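Here is what each chain is made of, one letter per residue.
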Amino acid sequence: MKPEGKRQIWDEYQKDIADDNYFYVRSCVRQNFFPGAEKTFLRYMKQLGRNVFENPSHTTCSGIGYHSDIVPFETAMTMVARQFALMTEAGYENFVTSCITSFGLYTEILETWEHFPKVEEQTRVHLRNATGREFLKPKNLAHASDVTFKLRKEIADAGRYRLVNQDTGEPIRVVEHIGCHYSRMFPNKGVGGAEYPYVLVGMIEEWGGEVIDYPERRHCCGFGFRQYLVKANRGYSVSASKKKFDSMKPYKPELILTNCPGCPMFLDRWQYAISEMEGTTYGENGQGIPVMTYEELAGLILGYDPWDLGLQVHQVPVEPLLEKMGIPYDPEKKFLDIDGNFIGKPKSPSFLKFY
Amino acid sequence: MGALYEKLRQDIRFVEGLTACLNCGTCTAICPAAEFYNYQPRKLVDILQTRDDEKLMELLKSDTIWYCGECMSCVTRCPRNNAPGLLITALRSLSQELGYFVESEKGRQQLAIKRTVGHWILRYGYCLYPSQITPENHPEQGPVWEWEFQNIEKVMERLGANYQKAGPGVLRAIPQEDLDEIKKIFDETGGTARFEKIEDFSKQKAEEMGIQLDDGLQNDYIKHIYTAVNKDHTTES
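So the protein lines, in turn, are chains W and L.
End of the first sequence = 354 in numbering that gives the first Met the number 0, gap-free, step of one.
End of the second sequence = 236 in numbering that gives the first Met the number 0, gap-free, step of one.
Quick caveat, the hints were computed from the structure, so don't treat them as lab data.
Check before you lean on any hint, since a few could be wrong.
[As the list claims (entries may be wrong)] Each computed BS3-like pair below joins lysine-lysine, with the alpha-carbon atoms no more than 30 Å apart:
| no. | chain 1 | residue 1 | chain 2 | residue 2 |
| --- | --- | --- | --- | --- |
| 1 | L | Lys183 | W | Lys242 |
| 2 | L | Lys230 | W | Lys346 |
| 3 | W | Lys230 | L | Lys182 |
| 4 | W | Lys242 | L | Lys153 |
| 5 | W | Lys230 | L | Lys222 |
| 6 | L | Lys183 | W | Lys45 |
| 7 | W | Lys241 | L | Lys42 |
| 8 | L | Lys182 | W | Lys117 |
| 9 | W | Lys230 | L | Lys202 |
| 10 | W | Lys138 | L | Lys183 |
| 11 | L | Lys230 | W | Lys230 |
| 12 | L | Lys164 | W | Lys344 |
This one's a predicted model, so the numbers in the text were calculated from it and none came from an experiment.
Kindly produce the complete structure, drawing on both the sequences and the hints.
Structure follows, in structure tokens:
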């Protein structure tokens, strides 16, 4: 039957996501600030019986350099072509990226090649001259959140916890933040498009939480590439995050769930910075609003230990959420090294409650 | 149509980004940069549509083209399929190509980005690298990052990273032969030439401004461009 009306419109924003055998490329930001998140993604993919391959020779896609304009487009295209060559050489055709900036760049480049075949040919020449490599384009390009979205029911079925307050039985109130380069430029490449992205909403709903709408839901976190990288510009960055916090606060969110690697870092760190600048906190009783990546949340649902997920490297403590969800954790193990030795504790902020 | 405009048209991002603007201002309404800076993507596109080289040169030498955060919110909402954020990438490329970037406070910052992110790409294979994200330059990262920075090897090991080691994993040491390939890609595709232009034009400007600049990060010019806010960028001036 031919789809009509809203069904037809919605069909345009469905996304074909490969079910298995992925070539995985990492994120510069996530590796630096949320190393446990990538470890967790690979852990639950293995638990769910999926094959994910990583070639240690892959590198940055140069996306942050490209979007801070020190890296020319031709260079970025050839860097991306090299990643595709590594995928081709390994015998894979489903390309999965941990980074939203990368995902946006890969999408932009594939679209450019589609519209300008001579540019693709020139990129192939560049790659051949520089490395001797050849490549096939991926049959399926996905962000790691797309894959997690696809597996959300399997994660729920295998899960030990839900996004539900154990004392009240009420769903946890979650605001989601998509990350600009997921679908703003190419809405039909993201689950749900740019105006009604569903990739995180689908996870929250499946795992028992309640999605909270608020006026500045789609506003940028404020990374802005050069607007954060250069100290003189960071007012741009913090003001964008503050606009979001001020807008979401009246709706009393208990968790901010993020898609892009950079957004959780900014939404976490700027809560600390704003508290130091103004004494303002956005959670209950001097707490912040915990911020998580979708990998970390999936790990919690599956019953992984919070400190194995890396939740101790968040500046905004996650303990209030763990307690609401009934997830056990040992505060004595929060700041231990791999051998169980205490390695000191971070200083407490002036205002933001710390554990 | 002047020579500058013709140069811009050689960039496919410019060709793709500018169709026909009706000046509705939707892009400005949605733009995070327009909320913070004295910046309006609508005005920028309006100037480009004049194809006037004099106005274009003024733009390329101005702070205006450096205010955008390249979030691409404008692309989603433009009713005529223009992409002001994409036009910005083309304008910034041309400004660096011609050395005009050093004529504005925000443009001069490109040297600081080149000597950090640019060097990290070639040296480590990553755009960011934890040993370089110092608490001194990043106080906003807070005490948890300071703790992590001071204990980086132990924290990374605890969280399952493969920091600075061979093989796959988080923050693995990328083999030298792969870093060599990246360098060759930069040489082949204009990345190295862009870096050299940023260096050369910045050195000329530092000399002109009488501010000390050497090849590292600990010099007066880098400190100046990394921190200086010597004019009000947020209102009409």
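Against the structure, the hints:
1. L:Lys183 / W:Lys242: violated, 43 Å
2. L:Lys230 / W:Lys346: violated, 36 Å
3. W:Lys230 / L:Lys182: holds, 28 Å
4. W:Lys242 / L:Lys153: violated, 36 Å
5. W:Lys230 / L:Lys222: Holds - the C-alpha atoms of Lys222 of chain L and Lys230 of chain W are around 10 Å apart, at most 30 Å.
6. L:Lys183 / W:Lys45: Cα-Cα ~36 Å, so violated.
7. W:Lys241 / L:Lys42: Given that 30 Å is the threshold and the Cα spacing comes to 27 Å, the pair holds.
8. L:Lys182 / W:Lys117: Given that 30 Å is the threshold and the Cα spacing comes to 24 Å, the pair holds.
9. W:Lys230 / L:Lys202: Status holds; Cα separation ~21 Å.
10. W:Lys138 / L:Lys183: With Cα atoms ~27 Å apart, Lys138 of chain W and Lys183 of chain L stay inside 30 Å; holds.
11. L:Lys230 / W:Lys230: holds, 15 Å
12. L:Lys164 / W:Lys344: This hinted pair holds, its Cα atoms lying about 26 Å apart.
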